[in-house]
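S.K.: As given, the protein sequences belong to chains Y and A, one line each in that order. Each residue of the first sequence is one higher than the last, beginning at 1 in our numbering. Each residue of the second sequence is one higher than the last, beginning at 1001 in our numbering.
Just to be clear, a hint being listed does not mean it is correct.
[To be verified] Distance ranges between label pairs, derived from CB positions:
1) A/Glu-1122 / Y/Ala-30: 35 to 43 Å
2) Y/Ala-157 / A/Asp-1074: 48 to 56 Å
3) Y/Trp-129 / A/Met-1163: 55 to 63 Å
4) A/Asn-1121 / Y/Ala-30: 35 to 43 Å
5) Y/His-59 / A/Gly-1165: 32 to 40 Å
[As the list claims (entries may be wrong)] Below 30 Å or equal to it, Euclidean Cα-Cα: the simulated DSS-like pairs (lysine-lysine) are:
6) A/Lys-1145 / Y/Lys-22
7) A/Lys-1145 / Y/Lys-71
8) Y/Lys-66 / A/Lys-1145
9) Y/Lys-77 / A/Lys-1026
Honestly, the hints are just simulated from the structure, not real lab data. C-beta atoms are modelled at their ideal positions from N, C-alpha and C, and glycine is treated no differently.
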Amino acid sequence: MSATRHIEREDLALFAMQLLPKDEHALIAAHVAQCAECGQALAEVQGDFAVYAHTVDMHSPPAQAKERLMKQVAREKKTVPVERVATPPLEFVGRSEGTYRTGLGSGAYLAEEEPKRNWAAKVFPWVGWAVAAAVAVVAGNLYHERDALLSRMTAQAGRLDQVSADAAAAKQVMEAMTDPAAKHVTLTKAPSTPTPPVPQGRATYVAEKGTLIFLASNMEPLQPYKTYELWLIPADGRDPIPAGTFHPDERGNASVILPPLPKGIEAKAFGVTVEDEGGSQTPTMPIIMAGN
Amino acid sequence: MYRDMGLVNTPPLSAQDDAALLALVKRGDEQAMATLFDRYSKVVYSVALRVLRDPASAEDILQEVFMQVWRSPDGFVATRGSLGGWLAVVARNRSIDALRRKKPMDQVEDMALAAPFNLANEAERNNMMERARGIIVKLPVEQRKTLEMAFFDGLTHSEIAEMTGDPLGTVKTRIRSALTTLRKAFQA
Chain Y
1 MSATRHIERE DLALFAMQLL PKDEHALIAA HVAQCAECGQ ALAEVQGDFA VYAHTVDMHS
61 PPAQAKERLM KQVAREKKTV PVERVATPPL EFVGRSEGTY RTGLGSGAYL AEEEPKRNWA
121 AKVFPWVGWA VAAAVAVVAG NLYHERDALL SRMTAQAGRL DQVSADAAAA KQVMEAMTDP
181 AAKHVTLTKA PSTPTPPVPQ GRATYVAEKG TLIFLASNME PLQPYKTYEL WLIPADGRDP
241 IPAGTFHPDE RGNASVILPP LPKGIEAKAF GVTVEDEGGS QTPTMPIIMA GN
Chain A
1001 MYRDMGLVNT PPLSAQDDAA LLALVKRGDE QAMATLFDRY SKVVYSVALR VLRDPASAED
1061 ILQEVFMQVW RSPDGFVATR GSLGGWLAVV ARNRSIDALR RKKPMDQVED MALAAPFNLA
1121 NEAERNNMME RARGIIVKLP VEQRKTLEMA FFDGLTHSEI AEMTGDPLGT VKTRIRSALT
1181 TLRKAFQA
C-alpha cells in the first residue's frame, strides 16, 4: 500500500470498525496518517457510522449513572492555569503537516468552512480577551456595589438593634406604670399630725405629639355605672377635650396611658370629673380634681 | 466562577454548543460535564447496551467514555456538533473491545469524523435518528443484517462470510453499499 494507491472504501469501513487483522489495520493506519484524501474518506465513513449508531433503540441510562460519573469527576478535579481561562477557539485546527485533517465533512462542507476558519482564527483570541476584560470590569463594579450594600446593611442592622432596644425599654416602662400590682407612692413633707390621704393625679403631656400619661392615686371608689373622666382644657379657650375614662383599683390607683388626642393642642389645665359609664363629650360639674 | 455568580451574560449551559462545553470541561467545569452527560448519555448508553446486551456492562462503558471526555477533552475534535456522533462511535468501539475483552485498538484522539449535523441540538438529533432509521429499514435485508453484524456485533467480514455463506467480497460490498445508501439519502 502506497501513498499514491488509495485504500478501498470497503477496507476503510472495516478499518473504521476495527474489524481488520492487526497487521492490516496498522498498514491502513499508517497510510491514512499520510494521505489526506484517504483521511477525508475515513472521516466520512466514520460520519456514516455515527449516523448509523443513532439508529439503535434508545434507552435512558440508570438514574445513578450520572451521580456515579459526577462523583468520579469530582474525585479527578482539575487545576487550570490562569492564562488558560480565556475561551479557546470553538473549532480545532488541523493536524501537523503530513497527517490528515480531523473533523472533516464532505468536500462542499469543507469549502464552505475554510474562510470562516481563517476569520475565526484571527478574531476569536481577541474576542476571548475582550470578553475577559469586560467580565473584569463588570465584576469590579459589582464588587464595589456589593461592598456598599454590605455597609448599608450593617448600618441598618445597627439602627434596627437600637430601635428594638428602645422599644423593649418603652414596653417595660409601660408595663411598670400600668401593672395593677405596682405600688405607687407619693412622697411629701411629713405632716405633724396624721391626715387621711387625698386623691392625687399627675399628668405628663407633650402637646406637639399629643402624648398624655396620667397616673392617679388615693382615688375614691365610684358607684356602679359611674367612671372618672380626664379632661384636657385647651389654652386657646376651646371646649374641654375628653382625654379618657378610668376606674381606680382596690388601692385607689388608676392610669390613663396615651389616650387618642389631637396633636398640637396646648393645654391650659387638666381636670377630672365623674361621668356615667362610657364617658361623656362634655364635662359634668363639679370638677373633682384640677391642675395646671 | 463568574458564571456561577451570574456575572457573565452567557447562555445557559444547556443551550451552549459542544465546543463551548468542551472548553469549559477543559477548565474543569463540572457543570459543563454534567450538561454533556445529559445531552449524550442516552445515545452512548444505548449503543453500548445494543452491543453488550447487558445494562451493567453498558453503564461501565458509559462511565468510561465520559471519563475519557473529562480527562482528555482535547482528544475530541469538536467540529460542529459532531461530538454526539463521535461519542456514539467511541461507545461502539469500546463496547466491541469489551466484548472481545481486549485493549482499545485506537486512541480516541486518532479518530476523525465527518458529521454535518448539529447533534448538540436535540430536535435535530431526533430528526436525524428518525431519518436514519427510515433509511436503514428500507435497505435490502442482507445489507442491513451484514452491517448490523459488523457494527453492532463486531463480527469480522470473515466471520460474517462464514456465518452467512457469502463470499468475503460480497460481505465487504454489502457494508459499503449500506453506508453509501445512508449517506446519499442524507445528502439528497
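S.K.: Now, for every hint given, state plainly whether the structure supports it.
M.R.: Here is what the structure says about each hint:
Hint check: A/Glu-1122 to Y/Ala-30, Cβ distance near 39 Å, so the stated range 35 to 43 Å holds. Distance hint check: the CB atoms of Y/Ala-157 and A/Asp-1074 are about 50 Å apart, consistent with the given range 48 to 56 Å. With their beta carbons about 59 Å apart, Y/Trp-129 and A/Met-1163 fall inside the hinted range of 55 to 63 Å. At roughly 37 Å, the beta-carbon separation of A/Asn-1121 and Y/Ala-30 lies within the given 35 to 43 Å, and the hint holds.
Taking 32 to 40 Å as the suggested C-beta distance range, the pair Y/His-59 and A/Gly-1165 conforms, at roughly 33 Å. Only pairs whose Cα atoms come within 30 Å are accepted, and A/Lys-1145 paired with Y/Lys-22 is accepted, the gap being roughly 25 Å. Straight-line distance between C-alpha atoms of A/Lys-1145 and Y/Lys-71 comes to about 40 Å, which puts the hinted pair past the 30 Å bound. Under the criterion of a C-alpha separation no larger than 30 Å, the hint pairing Y/Lys-66 with A/Lys-1145 is inconsistent with the structure, at around 33 Å.
Taking the CA atoms of Y/Lys-77 and A/Lys-1026, the gap is near 11 Å; set against the 30 Å cutoff, the hint holds.
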